[in-house]
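S.K.: Could you put the whole structure together from the sequences, leaning on the hints where they help?
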Amino acid sequence: MNKKSITVHRTGSELFSTIPIHPESKLVSRSQARKIPKLADPSGDIARDLLIINKKLNQIVNCVQAQRDVLAERTASLDTEIISCRETISMLNTRLNGVNSLKNTAEGGFRQDAAQNLASLTVDTTVEYLKNQPIIIDTFLTNHDENSKFSELVLNLSEDVQQVFLEYSIHQIERMIQCFKGFQELGKYIEDPSFIEKLSTLVSRILLSDIVYIFQSDPKTGEFFCNFKSRHLMISLKEGNSLISNALNSQMITFYTDPSSELYFSQSLDPLFNPQNKPIFLIPISTDAIFLIIHTDPNSFTFNNEDVYIAKLLSGLVEPLLHQNSRFSDIHEENELRHILQLFEDELCKKDHFSSLLPFLSDQFSNILNAEETRIFIVNSKKNNHFFTTYSLVDQRLVETKHDLIGTPSFIMKSKFHLFTNSLNIADVSSFSEEIDGWAADKPFGAFPIFKNSETVLAVLCLTGKKPFGNWEFEFLTSITSLLALVIPCCVENAKLLSAEEALETLFKFPNQIEQFTFDHLLQEWAVVNIAKQIQIGVKAEIVSIYIKDDENSEIKKIVSLHDKKDNHQGNHSSLNSQKSSRDHANESVHNTNQNNQNENTNEAQSKDNRENKNNNNENTIKGEYKSETNNNVNEDEKSKCVNKNSKKNDENITEKNNKDEEIKDENSHVTHVKDIDYVTPDFVEFVFNSNHPINESDPSRLEEFIPPENLAVQSLMCVTNQENDEKLAIICLNSKSQTGRFDPGYHDFVSSFLSLIIYALQIKDRDFSIKNQKSNAAVMENAFSECEKAIKTEDPLHSLIESILKQLKMDNFILLRYKPLIQGYECILTSKMCKKAIVSETNLIIEKIKSISEPAEIECHEFLDDPFIQYFPEFDSMIAQPLDSNLFLVCTGKTFDPNFHQIFAAFLPLTKALYRNFILSSQPITVSQAEISKIDFINTELLDSDVVSRLFSVTNLKEPQKIEAILKMFSNLDLLAIMETTVDELTRFLLKVRSMYHKVPFHNWDHAVDTIQFVYSSIHRGRMRKFLRPHHTIAILLAALLHDIDHRGFNTSFHIKTKSPLWVAYGDDSPLEKHQLSIAIKLLHDSLITKNKMLYKDEIFWSVFSASFMATDMVKHFDYMEKFQVLTTAFNSSNEKHLLLLAQLILKCGNVGNCTRPFDVASLMAKRLQDEYKIQAAREAKLKVEISGMGEINSDKSGNIAELEISFYTAIVLPLLKTLGTTVPELSDFAIQMEDNKKQWDEYRIKTLVKS
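Numbering (our numbering), first residue to last: 26 to 1278.
Take the hints with a grain of salt, since some may be wrong.
[Unchecked claim] When the alpha-carbon atoms are kept at most 25 Å apart in a straight line, the in silico BS3-like pairs for lysine-lysine are as follows:
1. 1208 to 1025
2. 303 to 254
3. 1018 to 1117
4. 984 to 1018
5. 815 to 800
6. 832 to 753
7. 876 to 1163
8. 762 to 427
9. 1193 to 1273
10. 1025 to 1119
11. 938 to 994
12. 1142 to 1085
13. 753 to 790
14. 1163 to 1100
15. 156 to 303
16. 441 to 407
17. 994 to 984
Just so you know, these hints were derived from the structure itself, not from any lab.
M.R.: If you want it as structure tokens, here you go:
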């Protein structure tokens, strides 16, 4: 079938549409249509043809409708163009009218002057004249009818001048032509971004300058901006404070040859654009713009009037174009920003994780809003705890930070209004808080509430700007807050889900991890480190530290610390920030984000698979490279140190081996450092052990007990402990490296499961260590016994034994040092042949180091080469010191030493101490001649040291000689005889004299004195008080305990006061009995033991401690002393002499009632003796008719039985004393054990007595 076609042209859009028409179809009029006869029923072919025709007609109708729409659009466009052209014509007319106004002034002065001056023109002055009097330009700009007059002027010139005149006038006409051509060219670029650049080029070409600045007005702010050194510079020209501002305000075209000399010259603004003070040309374009042209033409000195006329012509042509370009730029920018907003919202809807949301907001806000940093403060409400939460990304990990409800975010949340300020500070914003707002201080700032519903604020969006925010920023932020209200809860929920998924993956892998820890593996040296590594991998922690606590002594020690160095936490703690600033760039960025997000889900899935593969690989790290590497790095010297300790704590074995950092690697060569560093404080570890539940904090700064370590940013923390075993463990994990940046609660069970495994590993390792230790010690001890046997057979056993020790140590020389308090120095009491004997000051630097050790140790002397102590030895390279007692040290030197010196010293130490005592005794010969002394056998006494120091000491079970022997052992074991400058013989005679001065009264007798001094000795020894008590303190307390009730006749202080006895007459109401006894004791010491020729006789501290301790036994002042003792329980300082004096008084007071801590048979016997003594005193009181003491009526019906009084005495007197002592010296808290048992037995005794009665 042949077809025709109708072509319709869519005007303005170059749209062509071809519509096929049936060849037989015709168009008829409406009247003709009425005359058409009724047709018969159509056949099938005709029906099909009609359908085809109907379809074609519909197509024609659609086409015509499309044409109508196009024509309507074109009509509207033409109307807009017409309006624009009218405006342009109007502006041009205005400009031309302004130009014509020049005619009046020109005709009045310019032409009159021209006619007069033309006659004097020469060839040389013509050009300069025309530059200042551009006649041809004035003629064209003012009145075209003046051409004939111009011709007349030219004809009056001489031929040579006429030629030059016309040539330069043609040049001026060409400059005007340049202006009009430039006008035509610029018209093509009105809607082009390069319009200003083209305009600048045109001005530069016409006015012959290389430097042109175009200042345009910003319609939003009213400020002016220009391109300055490739930067977009914003300046204020509103006030006439510069040449530029003056020209703009006056609307006068002006040039200045020497700008700096002008009245309106600005020292701050004008030199910025013209630092060399060149001539400048200022051309204002209405009030919307101004041109600044710097003179750079080498052929002229400055601008002239010709340039002024050209500038007037140029400004009149450019003004409408510049105005139209400004309108176009505003509309274009508005459309672009709307488009950016739409793209931003589209992309924002796709963000469902903080890992994608935070970088997106950071980048887009920087590009679109010129924001520097953005933070979102999410409101959290948990029970009664309300706070803000912020999220940031650190090393691609999410970091959660919590803040109190304070500062500007809190103000926005409560007021539910936005806030814009040019500078955030306390002066402008009263709610400002440095703690939460410091990051935005003194910067342009904006804050918007994000509403969960009409009443509740979900979060507060805060951002700082590179410049103050305007209307566009307000509209943009207002538009997106509703979307953020949907996106933020989704991100929060997904963060929780992702954390739970990671924890679940770890739990699924736990069976495979635990299976690898076989018994053989737990025997390996680094078993605990391997377990810690698996915990670190499982919970994805940067740092894992394991601590152990022994319930018996409450001692806490670190087992191991692992630091994964793969991610460096010293990096920037980035929030929402970016450095891009261009809004054009912003549009591109949004498009790029759109493309990137098309693959976001795929990338997340791949990331998840990678994490699974990584975890699968990490399961095999137990078998990895670090196991063998660390075995090769074990320091044999440190091994021997561990062997010597004989500790049951396997953590000591590990920490001693890690004095230097070790590195461990997995199969992927991923390095983890085994650190000998405490990342948390001891107080925090104690806090963890005292917690009954796991600690999990995504923002550790919220924990008051946690003090972050230096040079490490801690963003998350998890602590898990066990509470079942005697040896408690705590695992502390810092800085989660998971995507969520926190430890999920699901990890708690995972970590807890490893706690039992670590305990098993420690126990297995401890037993294996003990076996090896015993074998090693057996060999050393066998050698020690052999050497000791040889040494004992020599004339000087101690010297020979130390020489044998030197031989075992592979060292050359020794000095045995003993402290002498009276000279405040150390005496070399025994040395090898090559060493010098001398007195060494206790303040000597090397001596200070030796005093600080508690076990054998190498002493570094390289920094003390000029120390006098070194000069006592021949030349040496190494020095080792062994403390034999608190005031006795063996110092050995040589070229080298055996690394197992700990074992060697441990094997020889007991016999060395024993031979030292013999050495001391041998230097003080004992003479036994009297009958009483002959009964005392100090050397072969049956009493053991353990008997003398026992807290269950029973004086009633000792024979009289044994009581003396026990006291001798006390002074001897404490190495006090030499310090007292006495001998065993002299001390024995003194003790016998003291015994004779105690009367045979029921209680306050010799037995009570022995019982008291033993309690004091036991306290000093078991309480390890020699660490801080000087020998003269110890001697003073022991002698005060021995003598405190000397010459006691069975009557207490209250009796002497009530009866006005001779003692009361002599000493008054204040402790008459104690003062009497003190005077007797001092006289006895001066006469028998501490005579004038001895150092202690003049020692003021000794006598002060002795007297004060002595007087503290007055029970009348008991409660006064108890108040004084409170300072010991709260702030005891062993370096404080006052505290040491109070401690001495406390020990002696406890010793005075120490019989209550003895076994019940002894305690009850002593109580009955005291009862008998009080009965005697009561009888005497009754005879003298004074008030009878309560204890004296113990058998009367009024007073009840002895048990009740004993229970009351235990409760009111003894128990507070012992508690104070146990708190001050924790090692002595066990004294209260037997006392509590005695108290129970007294109660049972009381009940039996009541039943019988």
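S.K.: If a hint holds in the structure, say so; if it does not, say that too.
M.R.: The hints, checked one at a time:
Distance check on the hinted pair: residue 1208 and residue 1025 sit about 22 Å apart at the alpha-carbon level, within 25 Å; holds. Our distance criterion of 25 Å between C-alpha atoms is met by residue 303 and residue 254, whose separation comes to about 18 Å. For the given pair, residue 1018 sits about 19 Å from residue 1117 by alpha-carbon distance, which is consistent with the 25 Å threshold. With a C-alpha separation of about 17 Å, the suggested pair residue 984 and residue 1018 falls inside the 25 Å cut-off, and the hint holds.
Of the supplied pair hints, the one linking residue 815 and residue 800 holds, its CA atoms being roughly 23 Å apart against a limit of 25 Å. Our distance criterion of 25 Å between C-alpha atoms is broken by residue 832 and residue 753, whose separation comes to about 43 Å. Proximity of residue 876 to residue 1163 is assessed by CA-CA distance (about 23 Å); at most 25 Å being required, the pair is judged to hold. Taking the CA atoms of residue 762 and residue 427, the gap is near 19 Å; set against the 25 Å cutoff, the hint holds.
Of the pairs offered as hints, the one joining residue 1193 and residue 1273 holds, with about 17 Å between alpha carbons and a cut-off of 25 Å not exceeded. A distance of roughly 32 Å separates the Cα atoms of residue 1025 and residue 1119; the hinted pair therefore is violated under the 25 Å criterion. A hinted pair counts as satisfied when its Cα atoms are at most 25 Å apart, and residue 938 with residue 994 qualifies at roughly 14 Å. Simply put, residue 1142 and residue 1085 have alpha-carbon atoms about 19 Å apart, close enough for the 25 Å limit, and the pair holds.
Distance restraint check for residue 753 and residue 790: the Cα-Cα separation of roughly 17 Å lies within the 25 Å cut-off, and the hinted pair is therefore satisfied. Restraint check: the Cα-Cα separation between residue 1163 and residue 1100 comes to about 22 Å, which is no more than 25 Å; the hinted pair holds. Note on residue 156 and residue 303: the hinted pairing holds, with a Cα-Cα distance of about 20 Å set against a maximum of 25 Å. Taken as a hint, the residue 441 and residue 407 pair is honoured in the structure, with Cα atoms around 21 Å apart against an allowance of 25 Å.
With a CA separation close to 15 Å, the supplied pair residue 994 and residue 984 stays within the 25 Å bound.
This entry does not satisfy hints 6 and 10, going by the numbered hints stated previously.
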